[in-house]
Amino acid sequence: MDASDSTPESGAGRIDTDSTYYELYQKSVELGTWDAEKLVEKVGFEEDREVWESLADDEKEQWARVISYFIDGEHAVAQDARRIMTTVSTPWFDRSIEKEMFASALALEEAKHTQFFDLYLSNVMIDKFPQYELDTRRGGVQIPRTDACGAGKMFDRQGTLQAQAAHGGDPVDIARAATNYHIGVEGILARGGYFAKNRMMQEAPLTLLNKGFQFISTDEGRHITFGLELLEELIEKERQGVPEYQGVQNAIWEQAVEDIGYITDTGYFITGDIGDPLGVDFDDLVNRGARLAGDMLFDTLDIDNAQPRDYMQAAADAMEEARDNDYGEVIEKYDHIYEQKKQAAGD
Amino acid sequence: MTKLTDIEGTDFTASDEEIEAAVEDAAADLGMAPERVSEEVAYILDSGSGRVNNEGVAGAAVGSNADTHDDPRLEALDVFKLRQEL
Ligand SMILES: [Fe+2]
Ligand SMILES: [Fe+2]
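Protein chains in written order, with this note's numbering: chain A, 1 to 347; chain B, 1 to 86.
For the record, the hints were derived by calculation from the structure and aren't laboratory data. Being a predicted model, the structure only gives us computed values, none of them experimental. Ideal Cβ placement from N, Cα and C applies to all residues, glycine included. All the given hints hold, so there is nothing to weed out.
Once the Cα atoms are required to be at most 20 Å apart in a straight line, the calculated DMTMM-like pairs of lysine to aspartate or glutamate come out as: (1) A:K153 <-> A:E321; (2) B:K3 <-> A:E30; (3) A:K128 <-> A:E50; (4) B:K81 <-> A:E37; (5) A:K60 <-> A:E50; (6) A:K42 <-> B:E85; (7) A:K60 <-> A:D276; (8) B:K81 <-> A:E30; (9) A:K38 <-> B:D78; (10) B:K3 <-> A:E23; (11) A:K42 <-> B:D78; (12) B:K3 <-> A:D18; (13) A:K42 <-> B:D29; (14) A:K153 <-> A:E320; (15) A:K237 <-> A:D304; (16) A:K333 <-> A:D156; (17) B:K81 <-> A:D35; (18) B:K81 <-> A:E41; (19) A:K38 <-> B:E85; (20) B:K3 <-> B:D25; (21) B:K81 <-> B:E18; (22) B:K81 <-> B:E24.
So the derived label-pair ranges between C-beta atoms look like this: (23) B:D29 <-> A:A56: 38 to 44 Å; (24) B:A28 <-> A:L108: 30 to 36 Å; (25) A:G328 <-> B:S15: 46 to 52 Å.
Sample of chain B residues at the chain A side, in silico, Cβ under 10 Å: (26) Y43; (27) S47; (28) E55; (29) E75; (30) D78.
One chain only, chain A, in its complex shape (with noise of 0.2 Å):
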């Protein structure tokens, strides 16, 4: 081979750059690379802290739902990040470098975006969260909103699944890992997020709040549809009939199934709960959240043996939990406990 074929343009020797996995990491070298900060210095907190101050306290609650979950999710997803660098990164994979360089941009940008929930909640809504400074200093424990409902049940379960499938875990250990990060985590729960936030911003318009969330929502994207590649790898596997790929659909479809219910909760705790007055309007939600499971679980993977029946019943099931649950009691709980901690802290 001639040396002078060799331009730029026709790719690199040891990495593919024809890959998916090289695309998105390229898309996340030439969109995922916003400052917070400076995005937070350009468009300053002023206005947004004017529309917090004339809020009544309710709607600040209803926000202050949706931001917990937010920062502590994106917290539990960064420190789950480097497990998907060591996961990608096993013979279960066909070892190539572009999947290890995509997952180190996506630990990049889940960083960012606790950074950023970090200084909007800090330096705006910091009257919603009085312990929040105790909580970070301890190294992530949950926000008492985010411990009440099912989100914070998903993310210690994430971190679980996780760890299993970064050590010595199997292909199923690590499509039930993936199909909880990538589908439930970033594909629902985050996104089921976008669109409550994008009622709530029509009644309360916090404008770097949503500058925030568009440049999240854009990098989760790329997330969401590398976790799909990883899954659709798993499932090609175990059709072609290799043996310890078997189960994957199975795993993907039972944790999809375990999921929903965390998610419906959560749903129902940032809306009805406590009376939806910046009208999100859960049943849209609830909606919402199936079409885009259906989407990835049937359209894109379009998984084997799986019944919508099974799945609208877990979610019916954790409605109807959901409406009898006393969610202010475990509130009052942990606010208890967190008071205590940080009276002992002070000590």
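Start from chain A and add chain B with the ligands according to the hints.
Same frame as chain A, now just chain B with the ligands:
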């Protein structure tokens, strides 16, 4: 890679001509080729999938952005322009 005017979506209010004109203006301001801007903005909306799946941008009908008439493609173009400043 998808062109912005080839992307599928439901909430489009602007015409393809309006989109192309807005992309050309932005490209001139940024000193970039219009095709490149079109591709990047499409990617903001579809993450490579060919259809709009970024409701974080697409549905951001905050009502406060009169320039975009709530068309997700113009909203995404605004995101891209701001991103270039960050
Ligand atoms: Fe994130
Ligand atoms: Fe993510």
